[in-house]
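Colleague: Heads up: the protein sequence lines correspond to chains Y and L, in order. The opening residue of the first sequence carries number 1 in our numbering; numbering runs sequentially from there. The opening residue of the second sequence carries number 1001 in our numbering; numbering runs sequentially from there.
Be aware that one or more of the hints could be misleading.
Each computed DSSO-like pair below joins lysine-lysine, with the alpha-carbon atoms no more than 27 Å apart [claimed, not checked]:
1. Y:Lys164 - L:Lys1322
2. L:Lys1266 - Y:Lys188
3. L:Lys1007 - Y:Lys25
4. L:Lys1165 - Y:Lys25
5. L:Lys1016 - L:Lys1302
6. Y:Lys141 - L:Lys1103
7. L:Lys1165 - Y:Lys165
8. L:Lys1042 - Y:Lys164
9. L:Lys1165 - Y:Lys10
To be clear, the hints were calculated from the coordinates, so they are not data collected in a lab. Predicted model, so just to flag it, every value in this text is computed and none were measured.
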Amino acid sequence: MSKSKEEFYKALSEAVVEYDEDACKELSQEVLDNPDTLTPMEAVMNGLAAGMEEVGRLYDTHEYFVPEVLMCADALYAGLGILRPHIPKADAGVNAQVVIGSIQGDVHDIGKNLVKMMFDVAGWGVHDLGRDVPLEQFVEKQLDTNSEVVAMSAMMTTTMLGMKKVIAMIKEKNPECLIMLGGAPVTKDVANLFGADGYADSAGNAVSEGIKMIGRLREFQASKK
Amino acid sequence: MAELTSKERVNKFFKKEPIDTMPVFSGMGTVVIQAVNEMGVKFAQVHTTAELLAGSALKSSEMCGLDAVVIPYDMATVAEAVGCGLTLYENSADILYPTVPNKWETLEAVDIPADFMKRARMPMVDEAFEILLKDGRFGVGAWQLGPFTLAGQIIELGLLLKGAKKNKEAVEAFLTKMTDIVIESIKHYESLGVDFLNIREMGSGTDLLSPKMWNSLIQPHLIRIFSELKTPSVLHICGGTDMIVPLMNQCGADALSFDQKNTITKTREVVGNDVIVLGNFDPYGTMVQMENPADVETAMKKCIDDGVDAVWPGCDLWPDVKMDNIKAWVNTSREYGRKPSPAIGRL
């Protein structure tokens, strides 16, 4: 007997929380095989993304740490890889784009990759510039793609100052563009001082913040129905 | 007038002998841009020759009034020597520390050359230590990344973090290999005659790892490292550390160093008054951002009141400091630190 919609949600969510990549893949395929039960988009948002929200809660309560979160992310991506190609473009979440990367001088990208996942899940167009990215590249890519958000991370204090320059360059050319900063040395004061619109001070908090973003997106989408 | 020289003060401090006043120094980079500018060179150059590396360290400590010099400044020396390359950012207008451009993609692919201490900039760093030791005015500190953080310089950190759960034996073997490198390099600096050693396992705080994982994955290697050292040694970890203070205290280091996320008052309660505790001001938030040196003085006094034995920055000083803020750090430590600290008496 095939699963109900709620049973799919629960199973997908648990597979993410339990970082079970195989289960995520199998369940995602099962979703595709049962198009009358639920849509791939519903499975992503109410199954995979809901699982990641629980992961965020477990992180906040110190039951999970970054290794677990990374494995949960892998499980989520395993399902997303199967479901995403079957989501009609019109349903694929928000019609928005983000430019993301670790700033020049910084070769760390765990936090950046976790935030990237949040945008991926939410159906954003993601332009990942990688790590150790020269400052001008953020500006050029934003202008080329007209992305709504630029997200930059720096794990070291010693690279953080480059962000300030990027923000100034982008805001000068495109004041509407939102800037997210992340990384261990980034505090609320620093984000304010640099003129950023949002921040997260660790990979983990990037997860929490990103997950909250997904939560808001899910509420938004539910309210549209 | 100071009764001890800077070098004497640092050495007596680590021996837990009475000193005249609180020493002002760090176990992490204290190079300031004012010193680099006065030498007429670019920041990218100071990492490339022994004369510039040692010269900028000496000039920075002279200008700031610090008691010690610490080199190198970047985290890439060993990773470069084992074959990961080096990016110096010579053309950048910003202050950027060298990094490694290449990382191995699997644990198995990592191939450490046996003579890594003779490769790339390692001999240059040795030569710089010789200059600092010959100068003789300051305490001389060497540091090395801890095995886990060093591993993150030469392979993808995500690989290591996930491997710690999924492939524990392979990660364990790899960390043992990293520990061997740390021991070889740090014992070499010990043989050169440095005054203190700092192991910076900075990537292992509870922002990333659980206390349980820290206990099983990180601590055994640190215990092995500190058991090999005869020179006074420090264990420094950045980020969240409150939950692992007791574990850090079991590693065998002579002193523990924390950044601004640590609750020093609680840490002091946990470790007691016999352990040297160092920390814990935010180097960027105080030395660069604060507009009024009186605010720096307040921040330094808080560190002392919380129970540190010397006021250390939580990380490398950001080189573009305000000199008045540095003076506030130094003067407050000297004056407010005339009274004994929990682990160190006064003459």
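Colleague: Next, verify each hint and record whether it holds.
Modeller: Structure-based check of all given hints:
With a C-alpha separation of about 18 Å, the suggested pair lysine 164 of chain Y and lysine 1322 of chain L falls inside the 27 Å cut-off, and the hint holds. Using a Cα cut-off of 27 Å, the hinted pair lysine 1266 of chain L and lysine 188 of chain Y holds, with the two alpha carbons roughly 25 Å apart. At most 27 Å may separate the alpha-carbon atoms for a hinted pair to count; lysine 1007 of chain L and lysine 25 of chain Y exceed this at roughly 62 Å. A distance of roughly 20 Å separates the Cα atoms of lysine 1165 of chain L and lysine 25 of chain Y; the hinted pair therefore holds under the 27 Å criterion.
Restraint check: the Cα-Cα separation between lysine 1016 of chain L and lysine 1302 of chain L comes to about 22 Å, which is no more than 27 Å; the hinted pair holds. Using a Cα cut-off of 27 Å, the hinted pair lysine 141 of chain Y and lysine 1103 of chain L holds, with the two alpha carbons roughly 25 Å apart. About 39 Å separates the Cα atoms of lysine 1165 of chain L and lysine 165 of chain Y, which puts this hinted pair outside 27 Å; it is violated. Proximity of lysine 1042 of chain L to lysine 164 of chain Y is assessed by CA-CA distance (about 21 Å); at most 27 Å being required, the pair is judged to hold.
For the hint pairing lysine 1165 of chain L with lysine 10 of chain Y, the CA-to-CA distance comes to about 24 Å; that is within 27 Å, so the pair holds.
Taken one by one, the earlier hints fail for this structure at numbers 3 and 7, listed in ascending order.
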